[in-house]
Amino acid sequence: DTAVSQTPKYLVTQMGNDKSIKCEQNLGHDTMYWYKQDSKKFLKIMFSYNNKELIINETVPNRFSPKSPDKAHLNLHINSLELGDSAVYFCASSQATYTGELFFGEGSRLTVL
Amino acid sequence: GNSVTQMEGPVTLSEEAFLTINCTYTATGYPSLFWYVQYPGEGLQLLLKATKADDKGSNKGFEATYRKETTSFHLEKGSVQVSDSAVYFCALRISSGSARQLTFGSGTQLTVLP
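Here the protein sequences come in this chain order: A and B.
Each residue of the first sequence is one higher than the last, beginning at 63 in our numbering.
Each residue of the second sequence is one higher than the last, beginning at 201 in our numbering.
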């Protein structure tokens, strides 16, 4: 059983399109995150939800909209995709908020052409 | 602000060589420190952690000691294996204030040759 699972694993799309990435965790954790990893492997937090409530919203274009229907799911919707959105997006979860012990999914590689 | 600086890679070693990956930090307050590892095609996994000065974290033959006087948390392993080839991330978390989320370094790519 995969603890944190993301779909799709690969996404190739054209500029201007809208796409979503889904994430589910079966660890019973209260907090979930989205991170963006660029081509140089640099990781930047985008959002964090605790029990469906948004608690971290870093400086991210408002084309990115997270949604948490319940504490086990955190989805990421991206409108009007741009070339610079190409990256690997990681979902993660943790037992508590502001802990350093995160469990990551395998990542979703988004390529915008 | 809070930040983590790692030695730039890539690092290439022969099997059984000694590994050191340097990590220094800047933080307001007293951070907890972490090393994460990302194997090819996978997400990050927590490798080890230390929560206070002079603590030593260890796992899978890797060790790192929290040095408050030098603000460092260098990762070491006495004898690397090909299977240790991965990207290693140093990270910190402070326990109070408005920026308590995990802050990562830029990662160091390690390649171990047989």
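Bear in mind the hints are in silico, worked out from the structure with no lab data behind them.
A quick note: this is a predicted structure, and the numbers were derived from the prediction, not measured.
Even for Gly, the Cβ is constructed at its ideal location relative to N, Cα and C.
One or more of the hints may lead you astray.
[Said to hold, decoys possible] Just a sample of chain B residues kept apart from chain A, beta carbon distances all over 10 Å, derived:
#: 1; residue: S203
#: 2; residue: M207
#: 3; residue: T224
#: 4; residue: T228
#: 5; residue: K256
#: 6; residue: N259
#: 7; residue: E263
#: 8; residue: R267
#: 9; residue: E276
#: 10; residue: A291
#: 11; residue: L292
#: 12; residue: S295
[What the hints assert, rightly or not] No more than 25 Å apart at the CA atoms, straight line, and that leaves these computed lysine to any residue pairs for SDA-like:
#: 13; chain 1: A; residue 1: K98; chain 2: B; residue 2: S285
#: 14; chain 1: A; residue 1: K133; chain 2: A; residue 2: G146
#: 15; chain 1: A; residue 1: K84; chain 2: A; residue 2: A158
#: 16; chain 1: A; residue 1: K133; chain 2: A; residue 2: K102
#: 17; chain 1: A; residue 1: K102; chain 2: B; residue 2: Y230
#: 18; chain 1: A; residue 1: K106; chain 2: B; residue 2: G209
#: 19; chain 1: A; residue 1: K103; chain 2: B; residue 2: T212
#: 20; chain 1: A; residue 1: K106; chain 2: B; residue 2: T271
#: 21; chain 1: A; residue 1: K98; chain 2: B; residue 2: L213
#: 22; chain 1: B; residue 1: K268; chain 2: B; residue 2: S283
#: 23; chain 1: A; residue 1: K103; chain 2: B; residue 2: P240
#: 24; chain 1: A; residue 1: K106; chain 2: B; residue 2: L213
#: 25; chain 1: A; residue 1: K114; chain 2: A; residue 2: T75
Comparing the hints with the structure gives:
1. S203: holds (12 Å)
2. M207: holds (14 Å)
3. T224: Non-interface label stands for T224/B: nearest chain A Cβ at 17 Å, farther than 10 Å.
4. T228: Answer for T228/B: holds, closest chain A Cβ roughly 15 Å.
5. K256: Check passes; 16 Å lies beyond 10 Å.
6. N259: Non-interface label stands for N259/B: nearest chain A Cβ at 13 Å, farther than 10 Å.
7. E263: Answer for E263/B: holds, closest chain A Cβ roughly 18 Å.
8. R267: holds (18 Å)
9. E276: holds (20 Å)
10. A291: violated (7 Å)
11. L292: violated (8 Å)
12. S295: Given a closest Cβ separation of 8 Å, the condition is violated.
13. K98/A x S285/B: Satisfied, since the Cα-Cα distance of roughly 22 Å is no more than 25 Å.
14. K133/A x G146/A: At roughly 29 Å apart (the allowed maximum being 25 Å), G146/A and K133/A break the hint.
15. K84/A x A158/A: Holds. K84/A to A158/A sits at ~21 Å (cutoff 25 Å).
16. K133/A x K102/A: violated (31 Å)
17. K102/A x Y230/B: The given pair, whose Cα atoms are some 29 Å apart, is violated under the 25 Å limit.
18. K106/A x G209/B: holds (19 Å)
19. K103/A x T212/B: With Cα atoms ~17 Å apart, K103/A and T212/B stay inside 25 Å; holds.
20. K106/A x T271/B: Distance of about 22 Å is within 25 Å: holds.
21. K98/A x L213/B: Measuring from Cα to Cα gives roughly 29 Å; hence the hint is violated.
22. K268/B x S283/B: Status violated; Cα separation ~31 Å.
23. K103/A x P240/B: The given pair, whose Cα atoms are some 12 Å apart, holds under the 25 Å limit.
24. K106/A x L213/B: With a Cα-Cα distance of about 28 Å, the restraint between K106/A and L213/B is violated, given a limit of 25 Å.
25. K114/A x T75/A: The given pair, whose Cα atoms are some 29 Å apart, is violated under the 25 Å limit.
The structure shown violates the earlier hints numbered 10, 11, 12, 14, 16, 17, 21, 22, 24 and 25.
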